[in-house]
Amino acid sequence: MTATVTSGLPGVSGPAATPTAPAFDLRSFLHGLPGVDKVGVEARAAALGTRSIKTTAKAHAIDLAIRMVDLTTLEGADTPGKVRALSAKALRPDPADPTCPRVAAVCVYPAMVPFAAEVLAGSGVHLASVATAFPSGQAPLDVKLADTRDAVAAGADEIDMVISRGAFLSGRYDDVFAEIVAVKQACGPAHLKVILETGELGTYDNVRRASWLAMLAGADFIKTSTGKVPVAATLPVTLIMLEAVRDFRAQHGRQIGVKPAGGIKTTKDAMKYLVMVNETVGADWLDPDWFRFGASSLLNDLLMQRTKLTTGHYAGPDYFTLD
Amino acid sequence: MFEYAPAPESRSLVDLAPSYGLFIDGSFDPPSADGGVFKTVNPASEEVLAEVASAGPQDVDRAVAAARRAFGPWSALPGAERAKYLFRIARIIQERSRELAVLESLDNGKPIRESRDVDLPLVAAHFFYYAGWADKLRYAGFGPDPRPLGVAAQVIPWNFPLLMLAWKIAPALACGNTVVLKPAETTPLSALFFADICRQAELPPGVVNILTGAGDTGRLLVEHPGVDKVAFTGSTEVGRQIARAVAGTRKRVGLELGGKAANIVFDDAPIDQAVEGIVNGIFFNQGHVCCAGSRLLVQESVYDEVLAALKRRMATLRVGDPLDKNTDIGAINSAAQLERIRALSEVGDAEGAQRWSPACELPEHGYWFAPTIFTGVTQAHRIAREEIFGPVLSILTFRTPAEAIEKANNTPYGLSAGVWTEKGSRILAVADKLRAGVVWANTFNKFDPTSPFGGYKESGYGREGGRHGLEAYLA
Chain H
1 MTATVTSGLP GVSGPAATPT APAFDLRSFL HGLPGVDKVG VEARAAALGT RSIKTTAKAH
61 AIDLAIRMVD LTTLEGADTP GKVRALSAKA LRPDPADPTC PRVAAVCVYP AMVPFAAEVL
121 AGSGVHLASV ATAFPSGQAP LDVKLADTRD AVAAGADEID MVISRGAFLS GRYDDVFAEI
181 VAVKQACGPA HLKVILETGE LGTYDNVRRA SWLAMLAGAD FIKTSTGKVP VAATLPVTLI
241 MLEAVRDFRA QHGRQIGVKP AGGIKTTKDA MKYLVMVNET VGADWLDPDW FRFGASSLLN
301 DLLMQRTKLT TGHYAGPDYF TLD
Chain D
1001 MFEYAPAPES RSLVDLAPSY GLFIDGSFDP PSADGGVFKT VNPASEEVLA EVASAGPQDV
1061 DRAVAAARRA FGPWSALPGA ERAKYLFRIA RIIQERSREL AVLESLDNGK PIRESRDVDL
1121 PLVAAHFFYY AGWADKLRYA GFGPDPRPLG VAAQVIPWNF PLLMLAWKIA PALACGNTVV
1181 LKPAETTPLS ALFFADICRQ AELPPGVVNI LTGAGDTGRL LVEHPGVDKV AFTGSTEVGR
1241 QIARAVAGTR KRVGLELGGK AANIVFDDAP IDQAVEGIVN GIFFNQGHVC CAGSRLLVQE
1301 SVYDEVLAAL KRRMATLRVG DPLDKNTDIG AINSAAQLER IRALSEVGDA EGAQRWSPAC
1361 ELPEHGYWFA PTIFTGVTQA HRIAREEIFG PVLSILTFRT PAEAIEKANN TPYGLSAGVW
1421 TEKGSRILAV ADKLRAGVVW ANTFNKFDPT SPFGGYKESG YGREGGRHGL EAYLA
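If you're matching them up, the sequences are chains H and D in order. Residue numbers are given in our numbering: position 300 of the first sequence equals residue 300, and the series is strictly consecutive. Convert by adding 1000 to the 1-based position in the second sequence; the result is the number in our numbering.
It is worth saying that the hints were derived from the structure and are not from the lab. There could be a bad hint or two in this list.
[Stated by the list, open to error] Interface residues of chain D toward chain H, partial, derived using beta-carbon atoms under 8 Å: (1) Tyr1004; (2) Ala1005; (3) Ala1007; (4) Asp1061; (5) Ile1271; (6) Thr1316; (7) Lys1325.
Keep in mind that this is a model prediction, so the values were computed, not measured. Glycine included, each C-beta is placed from N, C-alpha and C at the ideal position.
Put together the whole structure using the sequences plus the hints.
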């Protein structure tokens, strides 16, 4: 650490002023990606949102969406009791209808993992945990890694990490990259979902760059949001991420999953996302292994719509379990 | 897999009569002895929708005379009074928009997604926009006391039947003119429904007259000595005949004709959005768009990437029942047009261009043509020079901005063009050099009543829309 003297160039000083070769490459690669036209991407997302999904297509889509839900509780007030209840719901979303499929995973804070694991063990429902100083990501790397290892040790087989938006926005792509690589290593056999927190990235170009950065660093999934900032998942942002995983597979041969999270509350919304997946990346991604909904309130609306389709009438909220 | 179930809009929204007369002086009349009748069909099924009158010489005389009688009192109304009628028409169009959208899709073959989401909102918007001008004409920049011209003869095409009607009728009425309008013979129905809307709005009789019929009716109308202004949208060939017919008369004329627009994709373009723009540019309305981006110019350095993305996107286009809400591409408007598209595509094959279409099943009945691209096209190919007016895209390449501009301008037409680049300075520099009435940057086929539209060279003359659109109807 000798390079603490200023380089003499305005605005360039300190260790960061001496770019290593990989850092330079990463920056030029990310900034060389095709741009995103805001008006165009929003128009395309809106157009996909007008597709009409009815009858058999709707029944199929609702079951698929239920199978894609990461049933989530991420509150300061979470307790073992709450987490056990949620996990029980994941196994039997609709106690009145045994044909109702299970959700993809339960998603909880690291401290809550053991209680969910008790209920989910051997069920095939995945157990996801938000490690790495969720939701701000503002903690030293060793803390994040310890958080990750603990969650995996306690039984999580999926880790949802947040990137350091501060590092990303200040252009320290190399740091973000290294952090993802380190967390991926700490995950061991667990799947890594990288949360970009797109609501804080500011531009669609940044969403595309962050998506590629995460994929290059080894993410198994890229995820929009923590659900803890005002702007969470949106259709245009998800469209850009889908285009990114599509192009990444074409170039690198590796398929990456996508998870919009936060703010998706209704069956109608979920249908729009499924249509977007269908028409952007195709059937290969229409599977819980490759597309997930990070949602807590979506499931009950899906269950209500499902009941409407099978029985012909709507049942009130009291006919569905709270969590 | 995720198969969308059929989601058709209800046909019962439209109450079609077995036959329709001519709308002259506020009432529907059967054609005179020298007129006749013809049938209009649904191009998606070839089913006959209704029988429609074909106006003969006496009918044209009567319609022009009715418009002349109505002109005096209509033009003498204060602008604010004329505006009330236009606003009323605009609101009725909005109220009846679902019915009109279904009707337009039935008669034209365009997907309901477009008639519902594009055509009808724009139709209403044009009436609202020109209603707003009716009492402000002296502030439009055409002198302190601009006057209407008189009786306007308007002949419109079949690609956007109701929208072209709105482009023609709204500014004419706002300026105090009266009109005799002839819709295309394959798509007369929405104009007849519009006649009903005029009655519903209690528009004075004779202000709007609708004559249905084929080319002969149009010729009689355009050549009628009682007409003060001719407005035509359609083919360059017919436009030439009209220009000849009105040459030497006192008639004013506006022509909005064909096009062979260049859609230029530079290597720094937002590729995913550019592909959407290419698709929208040529497959919107089955390519039945005079300003369609039918000539794609791609910079060689991104050619492979753009072509692969375009093919992938085209494979998701859904061709079929126009009334299905999930349909992207509907039917070709007529057997004759389908024949023309086929013939020109075969010319493309014969000249050595490579044809490609995604796998798609076309319905058994009706007139259909799969979305098609031709690669390996050069400026020397006929498919790069002639307007096909169908879902057929010719793809050419270029190396430098200067070459792109040269190729884009190397056409007898000049209606529209598109530029795709992330670089703002390049947009301005290139747009400035393109000889086209409209240049879209990072978008395509976007219309707005406030924006003037019209061509250079063989794409016609005069402007419609916006403040400029008033000039065509004011002395």
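Check: Taking the closest Cβ pair, is D/Ala1007 under 8 Å from chain H?
Finding: With a closest approach of 4 Å, the D/Ala1007 hint holds.
Note to self: D/Ile1271 was flagged as interface toward chain H. Is the shortest Cβ-Cβ separation under 8 Å?
What the structure shows: At 4 Å from the nearest chain H Cβ, D/Ile1271 passes the 8 Å test, so the hint holds.
Next item on the list: Identify whether the interface hint at D/Tyr1004 stands, where standing means a beta carbon of chain H within less than 8 Å of its own.
Entry: Holds, because the Cβ-Cβ distance from D/Tyr1004 to chain H comes to roughly 5 Å (cut-off 8 Å).
Item checked: Status of the hint placing D/Ala1005 at chain H (closest C-beta pair under 8 Å) -> 4 Å, holds
Checklist line | Interface hint status, D/Lys1325 versus chain H (Cβ within 8 Å) | finding: 4 Å, holds
Check: Minimum Cβ distance from D/Thr1316 to chain H below 8 Å?
Finding: Since the shortest Cβ distance to chain H is 5 Å, the answer is holds.
Note to self: Take the shortest C-beta to C-beta distance between D/Asp1061 and chain H; is it under 8 Å?
What the structure shows: 47 Å, violated
Violated hints amount to a single one, hint 4; each of the other numbered hints is respected by the structure.
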